[in-house]
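Just need the whole structure built from these sequences, with the hints factored in.
Protein chains in written order, with the numbering used here: chain A, 1 to 439; chain B, 1 to 335.
Among the hints, erroneous ones may be present.
Examples of chain A residues toward chain B, derived with CB under 7 Å [to be verified]:
1. H12
2. P44
3. V250
4. L324
5. P330
6. G333
7. A335
8. S337
9. P363
Quick list of in silico lysine-lysine cross-link-like pairs, DSSO-like style, CA-CA up to 27 Å [to be verified]:
10. A/K436 / A/K416
11. B/K219 / A/K416
12. A/K32 / A/K5
13. A/K17 / B/K27
14. A/K4 / B/K219
15. A/K230 / B/K27
16. A/K385 / B/K80
17. A/K50 / A/K130
18. A/K385 / B/K189
19. A/K5 / B/K219
20. A/K65 / A/K432
21. A/K416 / B/K27
22. B/K218 / A/K230
23. B/K27 / A/K295
Quick caveat, the hints were computed from the structure, so don't treat them as lab data.
Every residue gets a Cβ at the ideal spot worked out from N, C-alpha and C, and that includes glycine.
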Amino acid sequence: MARKKTFPRGIHPEENKLTARKPLEFLPPPEKVFIPLLQHFGAPASPLVKKGDEVLLGQKIGEAKATFSAHVHASVSGQVAAVEDVIHPNGYPVLAVVINNDGQDRPCPEMKEWADPLSLSPEEIKKRVKEAGIVGLGGAAFPTAVKLSPPKDKPIDTLIINGCECEPYLTADHRLMLEFPEEIVKGAELARRAVGASRIIFGLEDNKPDAAASLRQHLHGLPAEVVLLKTKYPQGAEKNLIYALLGREVPRGGLPFDVGVLVQNVGTARAIWEACRSGKPLIERAITVTGPMIKEPKNLLVRIGTPLSYVISSCGGLMEGASLIILGGPMMGLAQSSLDVPVIKGTSGVVALREACLEEELPCIRCGRCVDHCPMRLVPTQIVKFIQAEKWAEAETWGALDCVECGCCQYSCPSKIRLVHWIRVGKNFLVKLKRKKSA
Amino acid sequence: MKDHSKEKVISAESSLILESSPHIRAKDTTPRIMYRVILSLLPAVAASIYFFRWRALILILVSTATALITEALCLLARRKPIRTVLDGSAAITGLLLALTLPPSLPPAMAVIGSLIAISLGKQVYGGLGHNIFNPALVGRAFLQAAFPVAMTTWVPPVTVHVDVATYATPLANWKFQNAVALGTLTPLKDLFWGNVGGCLGETSAAALLLGALYLLIKKTIDWRIPLGIIVTLSLFTGLFWLINPGRYAPPQFHLLAGGLIIGAFFMATDMVTSPITPAGTWLYACGIGLLIGIIRLFGGLPEGVMYSILLMNTFVPLFNHYLRPRILGERRSKR
Chain A
1 MARKKTFPRG IHPEENKLTA RKPLEFLPPP EKVFIPLLQH FGAPASPLVK KGDEVLLGQK
61 IGEAKATFSA HVHASVSGQV AAVEDVIHPN GYPVLAVVIN NDGQDRPCPE MKEWADPLSL
121 SPEEIKKRVK EAGIVGLGGA AFPTAVKLSP PKDKPIDTLI INGCECEPYL TADHRLMLEF
181 PEEIVKGAEL ARRAVGASRI IFGLEDNKPD AAASLRQHLH GLPAEVVLLK TKYPQGAEKN
241 LIYALLGREV PRGGLPFDVG VLVQNVGTAR AIWEACRSGK PLIERAITVT GPMIKEPKNL
301 LVRIGTPLSY VISSCGGLME GASLIILGGP MMGLAQSSLD VPVIKGTSGV VALREACLEE
361 ELPCIRCGRC VDHCPMRLVP TQIVKFIQAE KWAEAETWGA LDCVECGCCQ YSCPSKIRLV
421 HWIRVGKNFL VKLKRKKSA
Chain B
1 MKDHSKEKVI SAESSLILES SPHIRAKDTT PRIMYRVILS LLPAVAASIY FFRWRALILI
61 LVSTATALIT EALCLLARRK PIRTVLDGSA AITGLLLALT LPPSLPPAMA VIGSLIAISL
121 GKQVYGGLGH NIFNPALVGR AFLQAAFPVA MTTWVPPVTV HVDVATYATP LANWKFQNAV
181 ALGTLTPLKD LFWGNVGGCL GETSAAALLL GALYLLIKKT IDWRIPLGII VTLSLFTGLF
241 WLINPGRYAP PQFHLLAGGL IIGAFFMATD MVTSPITPAG TWLYACGIGL LIGIIRLFGG
301 LPEGVMYSIL LMNTFVPLFN HYLRPRILGE RRSKR
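Right, here's the structure in full:
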């Protein structure tokens, strides 16, 4: 057999997929949901409802006005309790619609079965995806409708469906592939048609052969294949996945469409199918609630806007001494200061760990491990030194803006230096500098 | 810039800790790496004590202790936390220095060498991670300049019985006593097991390779460095040996004799003073191998490992700066 496809460098942390064998459970929605109007990359949606309004399940409550934005929908039916600021998982306050759940899940009229979605034209597919407020469910939450409309001069030949789920602990995508393979494959086919690609490649890490088999059962008659990749982090990072599967390098500062590729997460593919088949907007997603500090780790189907505290208590609650709650995976997820934050479209999981990484930073001994493990082939320690010295031009030349913040460097640093933190600081500064220049 | 990363934000309502990702770390730490290197040197330490008895033991103890004391005093003087004296780095410097000393060296000289190694080789640059030159080799270079006679006087190991006033190392024997023509070149077997004269740690190739193997398996040292040195030196010495086997020693002799093994696996691989990028690492390693070959074959000294490594150390900042790896997606031509 040929060698498993993969990308150079990267790391292999303990996988800790505690919940791989636990089927997705439907989590009944809470009494109150908190739905932020900004859950995606881009501009916030504008509220369409006000306090006291009755809303139906799936009703649009936030309108995307900018190109880079996404509609937001009610994930329960009931009465709007408030339109007010809540704490977003990224730590900032953001306007949100708070709804008192009437417990009846009365659907809005737009949610109805459609005749064969596979007969839809590309334009209709894109329109329904936009209406459904779908964003990338892998974590970056980029509006999918925008992704499905690449510039005319950048034709897409290959659609990659990302089922790598390379973050330790997380298993929600794995379960989706096992339990909803047909929907994922059909959603992928719709996305393929929407962009006019000639083929679909499902990329999965080889720790999920069962998911690969599950998807393969539904590929007949489609220009699609499932490829198992080496289990290595960050196999699911867009640029690395494209390189591993196709050997194409997305140019510096470029996007996948520059090399004729579109990448969608498996959950997004399923959401596309649901939107086109039954007009169901993105009001629910699969998440993994796990980690050594969760009493009963589970895979859940959760309504958008469900508070973290509710999610965690439905998994038996936290164990004594848990001090780190992460939204997302342990490599790239966001630590939370409060359990009041809601699950949003980009939330792939909740990981509860006992301890933060509080080890003391030691001097860099130039061991080069950050270099050996950087999937973007950067020299993190050097970039950090430039940033600390405020040498912005050098930091940029050396690739500060190419950093995808995957965390491989900081994971492997024996001196426990907060490399990613520093690069983030530098990136923020560089972006601001650029804006100033162009202004 | 102000470092905000150390400010741990603890939320008021709970005991949750905020930190930026990633939230998990590999287990290896810098002190662990240092102590692993010390562990890997223990076979060589044992071999040196076996071959040179108390002379070896005293030099090793004196050199290591001086390194630790000097490190502590420097940290005190620099008003830095003194606990890092036990991070293992100073101990390695002292131990490595001892292993590069002739067994007959007076212990007082070892004290001076170790003091120089830590103070002028490491702490003046700002301590761990900031020095340009391998500290142990700085100490040794100082001793070589200050006490040239004591540093080149050799005694045979206790396992060898000879009745000569002066005893030559295998390399000096080859270079100055026409050993190839006379057929008195040191047998490879003796070089491998250590039954020869020389510095404490450079006699037994077997003991050093055992430790080196451990470090390679643990991925603690960069394999490119010993490989680059060995291949370059073999090619260089092999070429001259093929041209004139009546005068030049074969490459396998050069690999096992003198400080090549300890230099290639334990000195040149010092993380702080070797390049961080793969291209730089290859250039550095091949440069060391080539310089060793040139010094041994054509220089005034029989051995050139120390100077070769120190010379290539000077290039490391340049290599790090100019040999940046091509970023994923960066055009090959626009470098």
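Is the hinted pair B/K27 and A/K295 satisfied, with a Cα-Cα distance of at most 27 Å?
25 Å, holds
Mind checking the alpha carbons of B/K219 and A/K416 for me, to see if they're no more than 27 Å apart?
18 Å, holds
Would you check whether A/P363 satisfies its interface hint, that is, whether its CB is within less than 7 Å of any CB in chain B?
4 Å, holds
Holds or violated: A/P44 as interface residue toward chain B, Cβ cutoff 7 Å?
23 Å, violated
Does A/K130 lie within 27 Å of A/K50 when you go C-alpha to C-alpha?
23 Å, holds
Hint consistency between A/K17 and B/K27 [alpha-carbon to alpha-carbon, up to 27 Å]:
19 Å, holds
Minimum Cβ distance from A/V250 to chain B below 7 Å?
With a closest approach of 5 Å, the A/V250 hint holds.
A closest beta-carbon separation below 7 Å is what the hint needs, so does A/S337 meet it against chain B?
4 Å, holds
Hinted pair, alpha-carbon criterion (27 Å max): A/K436, A/K416. Please report holds or violated.
34 Å, violated
Taking the least C-beta to C-beta distance, is A/L324 closer than 7 Å to chain B?
6 Å, holds
Is the hinted pair A/K385 and B/K80 satisfied, with a Cα-Cα distance of at most 27 Å?
With Cα atoms ~21 Å apart, A/K385 and B/K80 stay inside 27 Å; holds.
Does B/K27 sit within 27 Å of A/K230, going by the straight-line distance between their CA atoms?
Distance ~22 Å between A/K230 and B/K27 Cα, so the pair holds.
Violation of the numbered hints given earlier is confined to hints 1, 2, 10, 12, 18; the remaining hints are satisfied by the structure.
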